[in-house]
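**Q** Quick note, the sequences are listed as chains H and Y, same order.
Residue numbers for the first sequence follow our numbering, so the first one is 317 and each next one is one higher.
Residue numbers for the second sequence follow our numbering, so the first one is -17 and each next one is one higher.
If you are wondering where the hints come from, they were derived from the structure by calculation, not from laboratory data.
Treat the hints with care, as some may be off.
Claimed, not checked - Computed cross-link-like contacts, EDC-like style, restricted to lysine to aspartate or glutamate with a CA-CA straight-line distance of at most 20 angstroms: (1) H:Lys384 with Y:Glu36; (2) H:Lys529 with H:Glu545; (3) H:Lys384 with Y:Glu51; (4) H:Lys511 with H:Asp889; (5) H:Lys510 with H:Glu587; (6) H:Lys677 with H:Asp439; (7) H:Lys445 with H:Asp556; (8) H:Lys975 with H:Asp609; (9) H:Lys381 with Y:Glu51; (10) H:Lys571 with H:Glu545; (11) H:Lys511 with H:Glu577; (12) H:Lys677 with H:Glu1139; (13) H:Lys383 with Y:Glu37; (14) H:Lys1037 with H:Glu899; (15) H:Lys677 with Y:Asp82; (16) H:Lys1056 with H:Asp875; (17) H:Lys322 with Y:Glu51; (18) H:Lys526 with H:Asp556; (19) H:Lys763 with H:Asp1058; (20) H:Lys361 with Y:Glu51; (21) H:Lys931 with H:Glu869; (22) H:Lys982 with H:Glu1032; (23) H:Lys383 with Y:Glu36; (24) H:Lys1036 with H:Glu899.
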Amino acid sequence: MKPDLKPPRWAERLLEFFCAPHLLEEVQGDLHERFQRQAMLFGAKIARQQYAWNVLSFIRPFALKRKKSEYPSTYLYRPDMFRNYLKIAVRNLVKNKVYSFINIAGLSAGMAVAILIGLWMWDELSYNKYHQNYEKIVRVMQHVTNNGEVQTWPNTPLPLAEELRKSYGSDFKHVTVSQDAYSILSYGEKKFSKKGAYFEPQITEMLTLKMLKGTRNGLQNPNAILLSESVAKAFFGEVDPLDKIMKMDNQTDVKVTGVYEDLPANSDFHEVTFIAPWQLYYNNNEWVRTMADPWRPNAFHIYAQLIPNADITTVSYKIKDAKLNKVSKELAKKKPEVFLHPMSKWHLYSDFKNGVNVGGKIQYVWLFGISGLFVLLLACINFMNLSTARSEKRAKEVGIRKAVGSVRAQIVYQFFFESLLMVFFSFVFALLLAQLMLPFFNSVADKTMSVPWGNPLFWFTGFGFSLLCGLVAGSYPAFYLSSFQPLKILKGTFRAGRWAALPRQVLVTIQFTVSVTLIIGTIIVFRQVKFAQNRPMGYNSNGLVTLPMYTSEIHTHFDAVKKELTKSGAIIDMAEAGSPPTENYSSTSTIEWKDKDPNLSVDFQTIAISFDYGKTIGWSFKEGRDFSKEFSTDSSGLILNEAAVKFMGLKNPVGETIKWYGTSNKVIGVVKDMIVQSPFQQVKPSIYHLTPYPGGVIIVKINPLASAGKALSEVETVFKKFNPSQPFEYQFVDEEYAKKFDNEERIGQLATFFAILAIFISCLGIFGLASFIAEQRTKEIGIRKVLGASVTNLWQMLSKDFVILVIISCVISAPIAYYFLQEWLQKYTYRTEISGWIFAVAGFGALVITLLTVSFQAIKAALMNPVKSLKTE
Amino acid sequence: MKRTYLGEFEEIVLLTVAVLGQGAYGVAITDELDRQTGRAVSISAVHAALHRLEEKGMLSSHMGDATAERGGRRKRLFSVTALGSRTLQEVREQRNRLWDSIAPQSLPAFGIVM
């Protein structure tokens, strides 16, 4: 027999793996015997094949079935043992206070964040679900093509509603026109200005309003009004508001015909605090009744509810040309395409680019969801790392437990039990922490959320998640520690292998990759905000205040008011305008000029202003001059902004004649671009024109020498004198302007929050690891010191490992961060560059923080007296 | 009469064990089966049958000695128990009774009639 003749190794392994141990010897023996004979008879190749085949044919029940042990198995769930686990767990917690603190603090911070993010996501995803017809409600919107660029507008022309009802009525259950309302409501002496909306009567059914008083038929009469519960309370307190007569904007009498429950903050209609009939708006606004081309002004919202079995996409496609078929040839140039935007997408999928829905807030839901998950992951990693690092310390315990009769499963249970205990401690702390952080979080996220203590689903998810967390975090120590062989441990020959530290290193690298990515993200978000804030505004917002004009009293006495206020030194200038400098509501497409390309379609912002508007807001001229009372022709003059000049391609704009709606107007000046809409986008072409009564707001420039508070109270006195019926309201323009950055700043704040948390948790982790490693190497450090190593040497030795890991993390995170942030910046026209130094700063910062964390432990260990560390045994 | 059921293959394996006497173990039984019946059975099938027969109490076994070609592993040697022996006997008697009650010429003739 040739000694090197062996059956195939894999078949041997396979047999040894699946065959029951008590049968293995005879089976393997028989197969070998057969193999040797086959080899002699037919050669090695055939014998090998036969052997493999034979092994495979042994995969049958009798060979797979394990024989029961002759000894009684250990009962795994003895309450005594659990009591013991609890005792040991508590002792371990108390004995290693630092570790316990790091573990529990890190994990509860991670969980608290996960809870908050979870609440936030829940809130975002349940938007509008308050309305029972949620599935079937749509907003009618349109895509409009302007010089090749598709814009998407939520507002539509008025006759479209009638057209939908008439020509496509079989698909719609309800269609309603709507207009936002911002009115002064008054009852007796009480006056408040409130946000509301005009709707057609069916709206109550569409939005399934919960009527507390009255019925859903309340809007049939054009002089009716429905109040939300809070508005009704503000006016009537405990008195029944039904059938009371209120005044709207000091002119129209309306009768309260119902009170509805306040719409929740996560409804897109939550600002609608009163509902007035559309008919009332129609009756009160002459321009609506006398529109020359009613298809032209896109000034109305249309909401609709589809019939139960209609499919939104199909209907949306059907009505595509509802507007195109009706409009004049000139308007048809813009290829208006009507479509339906379902309620379920209003909040999270509201952004359109080139006529395609490109998401919206859903990106933030994903972004924060993932960030929250990562923070939780980091905390779990800490837990795993510290537990495994301590394994050598607890190896003896495992050895003794095994020696006195614990089976492996018991050790596994023990460690799972310990990790679950820790996780549930952390969960309790996390709940407390979440409750404490909620007000802050609410203010950052602009929400009014609360922890749903009474919701079983919340507890179910919470406990489920904790359980999962505990099992995931506890699995590694549980299976790793329980695999130790008692003999080796107790003899003292146990050595964690060369690779024992590898998983730990991988986990630390993951932690720092996440942290560094978040740091880079934070820096770039803030740079983007700063970049847009540094754009010149085009005017001076300092001390600029706007006051809404609901009625014409102040306009009528404009000169008297202005004279009185300037004389007292409260203000230095005052003007009227159609809209505040930070917003604009009107635009036009009917602009003609010399050499205009007839195919060019136009969308100009038009801003109605009074004399002194420019002086008040402090715009600056590039060419020409401001409107002046000395030139009577200025009433038909126009002032353009740079963007408009560029759009029209005029060489010498001043003096040019521009036709607007058929009337000729002369350009008298060009002003520098002013940021009206988003500071992240290009300034739109705009036209400023004089109007006798712009009718939107009064703008005053407060005297910089007077204090704002005193000046405003003077303004209030004078305004009250001339217009006693209007509650005094004002807005600072610079505050309004700052609000344009709210969204981006919010992202920045949240990113900072996440970055700090991630760094904090990661540092807690390496702090624990470093202290553990220093402790483990006490003797080594002692000997090195005796042999002449300096403190610097030792510090380097102990810090080196971590520094390498952090550097690897930086290298990994740079491309990841670059990719995602480049993507994010794409949506801004005005965007900052992602420059290399940001990565360098983030990496350097992480390195410094790591070094500081590790050095504390490293230097402590290096300074220890070697006599002490070597003497102890 | 009730007795433990014995399958055809089991019966043959049990008989082979009896034939082999002292040296009945997996490989030997397989080879013997091959020689006696011409059936090429796999070792695993024989092992499974042996295992089943032992569970039924018709075979008993003990570990024998090891040989070099088995890589130092021992054989499991089987011997027929009293129950096994009695069962075989009963099966045989039953067959005989059946044979005896067959009327002459009721089986179609083949080959040389003795």
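**Q** Next step is simple, just say for each hint if it's right about the structure.
**A** A quick look at each hint next to the structure:
With a C-alpha separation of about 17 angstroms, the suggested pair H:Lys384 and Y:Glu36 falls inside the 20 angstroms cut-off, and the hint holds. For the given pair, H:Lys529 sits about 9 angstroms from H:Glu545 by alpha-carbon distance, which is consistent with the 20 angstroms threshold. A C-alpha spacing of about 31 angstroms is found between H:Lys384 and Y:Glu51, which places the hinted pair above 20 angstroms, so the restraint is violated. Distance check on the hinted pair: H:Lys511 and H:Asp889 sit about 29 angstroms apart at the alpha-carbon level, beyond 20 angstroms; violated.
Taking the CA atoms of H:Lys510 and H:Glu587, the gap is about 9 angstroms. The hint holds against a cut of 20 angstroms. Between H:Lys677 and H:Asp439, the direct Cα distance comes to roughly 12 angstroms. Compliance with the 20 angstroms bound is thereby established for this hinted pair. Restraint check for H:Lys445 and H:Asp556: the C-alpha separation of about 30 angstroms exceeds 20 angstroms, so the hint is violated. Distance restraint check for H:Lys975 and H:Asp609: the Cα-Cα separation of roughly 18 angstroms lies within the 20 angstroms cut-off, and the hinted pair is therefore satisfied.
A distance of roughly 27 angstroms separates the Cα atoms of H:Lys381 and Y:Glu51; the hinted pair therefore is violated under the 20 angstroms criterion. At most 20 angstroms may separate the alpha-carbon atoms for a hinted pair to count; H:Lys571 and H:Glu545 meet this at roughly 16 angstroms. With a C-alpha separation of about 16 angstroms, the suggested pairing of H:Lys511 with H:Glu577 holds against the 20 angstroms cut-off. With a CA separation close to 15 angstroms, the supplied pair H:Lys677 and H:Glu1139 stays within the 20 angstroms bound.
This hinted pair checks out: H:Lys383 and Y:Glu37 have alpha carbons roughly 13 angstroms apart, not beyond 20 angstroms. Straight-line distance between C-alpha atoms of H:Lys1037 and H:Glu899 comes to about 28 angstroms, which puts the hinted pair past the 20 angstroms bound. Only pairs whose Cα atoms come within 20 angstroms are accepted, and H:Lys677 paired with Y:Asp82 is rejected, the gap being roughly 93 angstroms. Restraint check for H:Lys1056 and H:Asp875: not satisfied, since their Cα atoms lie roughly 33 angstroms apart, outside the 20 angstroms limit.
With a C-alpha separation of about 11 angstroms, the suggested pairing of H:Lys322 with Y:Glu51 holds against the 20 angstroms cut-off. Using a Cα cut-off of 20 angstroms, the hinted pair H:Lys526 and H:Asp556 holds, with the two alpha carbons roughly 17 angstroms apart. At most 20 angstroms may separate the alpha-carbon atoms for a hinted pair to count; H:Lys763 and H:Asp1058 meet this at roughly 13 angstroms. Restraint check for H:Lys361 and Y:Glu51: satisfied, since their Cα atoms lie roughly 18 angstroms apart, inside the 20 angstroms limit.
For the suggested pair H:Lys931 and H:Glu869, the alpha carbons sit about 23 angstroms apart, so the restraint of at most 20 angstroms is broken. A distance of roughly 38 angstroms separates the Cα atoms of H:Lys982 and H:Glu1032; the hinted pair therefore is violated under the 20 angstroms criterion. For the hint pairing H:Lys383 with Y:Glu36, the CA-to-CA distance comes to about 14 angstroms; that is within 20 angstroms, so the pair holds. For the proposed pair H:Lys1036 and H:Glu899, the alpha carbon gap of about 26 angstroms is over 20 angstroms, so the pair is violated.
Hint check: violations occur at hints 3, 4, 7, 9, 14, 15, 16, 21, 22, 24; the rest are consistent with the structure.
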